[in-house]
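Using the working numbering, read the sequence shown as starting at 3 and increasing by one per residue.
Simulated from the structure, these hints should not be mistaken for lab results.
A portion of the hints provided could be inaccurate.
As the list claims (entries may be wrong) - Cβ-Cβ distance ranges computed for the label pairs, FRET-style:
id: 1; residue 1: Glu51; residue 2: Thr31; range: 25 to 31 Å
id: 2; residue 1: Lys48; residue 2: His23; range: 15 to 21 Å
id: 3; residue 1: Ala9; residue 2: Asn30; range: 34 to 40 Å
id: 4; residue 1: Glu4; residue 2: Gly32; range: 30 to 36 Å
id: 5; residue 1: Glu33; residue 2: Ala9; range: 30 to 36 Å
In this text the structure is predicted, and so the values were computed from the model without any measurement.
Just so it is clear, CB atoms sit at the ideal spot from N, CA and C, and this is done for glycine as well.
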Amino acid sequence: AEGDQEARSKLIEHNLRLVAHIVKKFENTGEVTEDLISIGTIGLIKAIESYSRGKGTKHALCGPLCGK
3 AEGDQEARSK
13 LIEHNLRLVA
23 HIVKKFENTG
33 EVTEDLISIG
43 TIGLIKAIES
53 YSRGKGTKHA
63 LCGPLCGK
């Protein structure tokens with residue numbers, strides 16, 4: 003519904019700093035920063051979309067974003 007889409011957008015927007023923070027850890031690895039941000043953002047979106055409160059999922063954003 004409309005509220006769900008708005009909540010999804012807010013979650014993405016509010017967690018982009020987390021993506022940037024994780025990307026900073028890879029600054030001197032030779033990886034292209036823009037590519038890492040894109041990959042991290044996709045991981046963030048997948049984590050948000052796959053989160054299910056009823057399944058007892060904890061820290062839904064951590065796994066996909068921190069998985070290296």
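Comparing the hints with the structure gives:
1. Glu51 / Thr31: 25 to 31 Å: holds (28 Å)
2. Lys48 / His23: 15 to 21 Å: holds (18 Å)
3. Ala9 / Asn30: 34 to 40 Å: Because 36 Å falls inside the window, the suggested range holds.
4. Glu4 / Gly32: 30 to 36 Å: Since glutamate 4 and glycine 32 have Cβ atoms about 43 Å apart, the given range 30 to 36 Å is violated.
5. Glu33 / Ala9: 30 to 36 Å: Holds - the Cβ-Cβ distance for glutamate 33 and alanine 9, about 31 Å, lies within 30 to 36 Å.
Hint compliance for this structure: hint 4 is the single one not met.
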